[in-house]
Amino acid sequence: MSPSPVQSDASGDGQLDTFPKLLLNHARVRGSKIAMREKDLGIWQAWTWQQVTDEIRALACGLAALGFQRGDKLAIIGDNRPRLYMGMAAAQCLGGIPVPLYQDSIAQEMAFVLDNAEVHFAIAEDQEQVDKLLEIREENSTIQHILFDDPRGMRHYDFPFLSSIETAQTAGREYDKTHPDFFEQSVEQGSGADIAIMLYTSGTTGNPKGVVLTNDNVIITARNGIIREGLTDKEEVVAYLPMAWVGDNLFSYAQSFVAGFTVNCPENGATVMTDLREIGPTYYFAPPRIYENMLTQVMIRMEDASKLKQRLFHYFMAHASRVGTQILDGKEVRTSEKLIYRLGDFMVYGPLRNVLGLSRIRLAYTAGEAIGPEIFEFYRSLGINIKQLYGQTESMVFICVQPDGEVYPDTVGTPAIDVEVKIDDNGEVLYRSPGVFHSYYKSPEATASTKTEDGWVFTGDAGYFAENGHLKIIDRAKDVGKLNDGTMFAPKYIENKLKFFSFIKEVVAFGDACDYTSIFINIDLEAVGNWAERRNLAYSGYIDLASQDEVYDLIQDCVDKVNEDLSKDPRLGKSQIKRYLILHKELDADDGELTRTRKVRRSFIAERYQPLVDALYSDVPECHIETQVKFEDGRTGTLAADVKIRNAKQYSPIAKAS
Amino acid sequence: MYERNIGEVVLEVKNISLSFGAMRVLNNISFNVRQGEIRSIIGPNGAGKSSMLNVLNGFYHPQEGTITYRGETRSQMKVHKAAEQGIARTFQNIALFKGMSTLDNIMTGRNLKIKANILQQAIYWGKAQREEIEHRKKVEGIIDFLEIQAIRKTPVGRLPYGMQKRVELGRALAAEPEILLLDEPMAGMNVEEKEDMSRFVLDINDEFGTTIILIEHDMGVVMDLSDRVIVLDYGLQLADGSPDEVRSNQKVIDAYLGVAH
Numbered sequence: 001m002s003p004s005p006v007q008s009d010a011s012g013d014g015q016l017d018t019f020p021k022l023l024l025n026h027a028r029v030r031g032s033k034i035a036m037r038e039k040d041l042g043i044w045q046a047w048t049w050q051q052v053t054d055e056i057r058a059l060a061c062g063l064a065a066l067g068f069q070r071g072d073k074l075a076i077i078g079d080n081r082p083r084l085y086m087g088m089a090a091a092q093c094l095g096g097i098p099v100p101l102y103q104d105s106i107a108q109e110m111a112f113v114l115d116n117a118e119v120h121f122a123i124a125e126d127q128e129q130v131d132k133l134l135e136i137r138e139e140n141s142t143i144q145h146i147l148f149d150d151p152r153g154m155r156h157y158d159f160p161f162l163s164s165i166e167t168a169q170t171a172g173r174e175y176d177k178t179h180p181d182f183f184e185q186s187v188e189q190g191s192g193a194d195i196a197i198m199l200y201t202s203g204t205t206g207n208p209k210g211v212v213l214t215n216d217n218v219i220i221t222a223r224n225g226i227i228r229e230g231l232t233d234k235e236e237v238v239a240y241l242p243m244a245w246v247g248d249n250l251f252s253y254a255q256s257f258v259a260g261f262t263v264n265c266p267e268n269g270a271t272v273m274t275d276l277r278e279i280g281p282t283y284y285f286a287p288p289r290i291y292e293n294m295l296t297q298v299m300i301r302m303e304d305a306s307k308l309k310q311r312l313f314h315y316f317m318a319h320a321s322r323v324g325t326q327i328l329d330g331k332e333v334r335t336s337e338k339l340i341y342r343l344g345d346f347m348v349y350g351p352l353r354n355v356l357g358l359s360r361i362r363l364a365y366t367a368g369e370a371i372g373p374e375i376f377e378f379y380r381s382l383g384i385n386i387k388q389l390y391g392q393t394e395s396m397v398f399i400c401v402q403p404d405g406e407v408y409p410d411t412v413g414t415p416a417i418d419v420e421v422k423i424d425d426n427g428e429v430l431y432r433s434p435g436v437f438h439s440y441y442k443s444p445e446a447t448a449s450t451k452t453e454d455g456w457v458f459t460g461d462a463g464y465f466a467e468n469g470h471l472k473i474i475d476r477a478k479d480v481g482k483l484n485d486g487t488m489f490a491p492k493y494i495e496n497k498l499k500f501f502s503f504i505k506e507v508v509a510f511g512d513a514c515d516y517t518s519i520f521i522n523i524d525l526e527a528v529g530n531w532a533e534r535r536n537l538a539y540s541g542y543i544d545l546a547s548q549d550e551v552y553d554l555i556q557d558c559v560d561k562v563n564e565d566l567s568k569d570p571r572l573g574k575s576q577i578k579r580y581l582i583l584h585k586e587l588d589a590d591d592g593e594l595t596r597t598r599k600v601r602r603s604f605i606a607e608r609y610q611p612l613v614d615a616l617y618s619d620v621p622e623c624h625i626e627t628q629v630k631f632e633d634g635r636t637g638t639l640a641a642d643v644k645i646r647n648a649k650q651y652s653p654i655a656k657a658s
Numbered sequence: 001m002y003e004r005n006i007g008e009v010v011l012e013v014k015n016i017s018l019s020f021g022a023m024r025v026l027n028n029i030s031f032n033v034r035q036g037e038i039r040s041i042i043g044p045n046g047a048g049k050s051s052m053l054n055v056l057n058g059f060y061h062p063q064e065g066t067i068t069y070r071g072e073t074r075s076q077m078k079v080h081k082a083a084e085q086g087i088a089r090t091f092q093n094i095a096l097f098k099g100m101s102t103l104d105n106i107m108t109g110r111n112l113k114i115k116a117n118i119l120q121q122a123i124y125w126g127k128a129q130r131e132e133i134e135h136r137k138k139v140e141g142i143i144d145f146l147e148i149q150a151i152r153k154t155p156v157g158r159l160p161y162g163m164q165k166r167v168e169l170g171r172a173l174a175a176e177p178e179i180l181l182l183d184e185p186m187a188g189m190n191v192e193e194k195e196d197m198s199r200f201v202l203d204i205n206d207e208f209g210t211t212i213i214l215i216e217h218d219m220g221v222v223m224d225l226s227d228r229v230i231v232l233d234y235g236l237q238l239a240d241g242s243p244d245e246v247r248s249n250q251k252v253i254d255a256y257l258g259v260a261h
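These protein sequences, in sequence, are chains A and B.
So the first sequence is numbered by the numbering used here: it starts at 1 and just counts up by one.
So the second sequence is numbered by the numbering used here: it starts at 1 and just counts up by one.
Simulated from the structure, these hints should not be mistaken for lab results.
Please read all numbers here as calculations on a predicted model, not as lab measurements.
One thing to keep in mind: the hints can contain errors.
[Stated by the list, open to error] BS3-like, lysine-lysine: derived pairs with alpha carbons at most 25 Å apart: (1) A:578 x A:649; (2) A:39 x B:153; (3) A:585 x B:194; (4) A:39 x B:137; (5) B:137 x A:630; (6) B:138 x A:39; (7) A:422 x A:331.
With the hints as constraints, model all of the structure from the sequences given.
Rendered as structure tokens:
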């Protein structure tokens, strides 16, 4: 392999095998280059690698002064803030283990993780998070000290165990003076085999599990990703996904520490799209739903544009969908087509990329859920190199990645560098890589049942290698079931097909050990609401809209189309949807219906809406239901509705299941 | 709870009466406001609450009585004097510049603080430029405080009602007032929006030490937020005291719940 600055930095004869060592190296090599930015008071504030290092050093010493020991855990709770990322690094400098938590978790969910991980120290972003920690601390908790970033509203909080990050840093600078070699020695003691971080997986069933990852796991995987895609220290990323999620840790932290590129923190959650546009990231990750949302926004706004603009847009988009992806993949295209594409780039594609904040994108990833082929093609035809990858927390993300020029919407690509992938007899995907996690924290049984002695990890996903050598994932292995007549039933596969329609937000499919497939649908309030407005349909809110006959007609078309599609599949042809309903309530993570990463918890939903499921498997046209809901502040209320049920059109399967 | 930091009397009205023709809107009203407190005026529709605020900031001129503010006693306030001396307000019906952005609307709240003359401003040079940067900083601080970064550049006409209320509060704050008059800041809001607004009122009072005079219909909100409450009914002063005192006052109960005749 050709030598690159990244490689010499990261592999450097095993010298730079921990995050603190990488950090100190950046301070030496590119000390004046921007490491982090944050938009504050309307202005992008920047920290160079040298400044970041100084801040982290002060914070690490401050933590040490508070009694933080090697091996202690540091909980990190809040939005993507530079200070919280610095907290992560500070813990690692002391040989401690950062444990980022989902910031929108309620206190009770946090209590489990804090307790399970034996957390003594925590860094919280603001009053909201501090309040949760105080609540947890009252019950029972091992928390000894809480540091916070934003003091607002806490002027009157007078607790000896609560102080600001700044106070800790001031104390840390003093500590550093009186213990001159402490920091360097502390960093020196670390090695690649040490635990770098613990990430709790949201878990579709049971309590979350703490995935323990070593420095080697994280750093080698991050570096392999950088090498495969040819990333450099000039990349710009926007950190906006939850810090507790492995993807954010890889893209906004680990890879930045390895390659030395810049991480940008948005002003707050609501300004991400504006901030994205101002920064113009070159390297970007987003789950499919964000790409979907952006596309929906564009389409909605185009409908309000003038006739001329609409004509231009549709003409050039049609052209792009013909030749755009070929041009992106560097394939041969007729010169005239190329010229028209270039004109389109000037008139439509360029401005559109700019509006989306994707003008400078060199590499965009998506993962987590299947992405709709049309959505995927839309971005690629605009010249945005968006690729799918396949991974999980246990592998520090990378298992498979789509190689440049070989991007297909229905597969997740070929194994990443140093990753081996195989399919076992049950169709489950297994992998082995340097990123394979150390263990699940304090649960050797779970570790043993997921990871074999020689390092192979069960993904829990069912899939196979397509003829072109790319991995194709169908569903969760345990979710793939059978209808009573023996037809294979892949719920996720059906759900995803429906979710590709912009009017449909969530779907829950039932069918395992049943006579036929039936589904719950959540409509997309924005898209359907807009559609309703255009037709002068009045509605008062989600429940009202979801129960209207016109909306049912709209959804009926989508369901029928999916059935037609399914009928063409030799294996799934007979698992067509027979009955469906539009749920009266939006599925919500606060009610436990979705995981924090927005995956549906099918069995929980089936239990909660048992009367509706029963109604789907009878022939009643309507069903009354009352549901308990939880508001964001923790109060509960009841929601009652009459939900209509409809039958879908059936198509005769083209090929019978053999 | 923590100790509230309430100081001396800053504003005192004595025997205020206001009539429009034969219509007596306020009848012999007297009360005072202490530094740093949240003082509420409640009462049924048409009780004279908004009129009282209008008297305080000089919009209406009472026929009788005196207003003492900052040690100066006078028979009426003048609108521009009130503003210059640190009294800012929001309105029951939103009075923003609909076509201007959130940022620009709040910037107008800085109007009285601008020292540069019109010529300097026109060429945006020297003092005017330095000033503008200072003011923008203040305004950004308010935007951050009210958590409205995402609508910074949005024309306020396009914002939902609750957000417009928040922008209006932002504009009043931009004047760095000593006394903030809030006329039904929570009218027409849902529970969540009311909670947000209540939090902002408390935070403003706490962080900036601003004295707040609040008119509000929602009893729950008033009783939770206020240090002292005045009750008006048909221009008469029914009661004045702590929320608990007011709540248990028979006259107030009668006015609100009706009384058997």
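Outcome of the hint check:
| no. | hint | in the structure |
| --- | --- | --- |
| 1 | A:578 x A:649 | 7 Å, holds |
| 2 | A:39 x B:153 | 15 Å, holds |
| 3 | A:585 x B:194 | 24 Å, holds |
| 4 | A:39 x B:137 | 14 Å, holds |
| 5 | B:137 x A:630 | 39 Å, violated |
| 6 | B:138 x A:39 | 16 Å, holds |
| 7 | A:422 x A:331 | 31 Å, violated |
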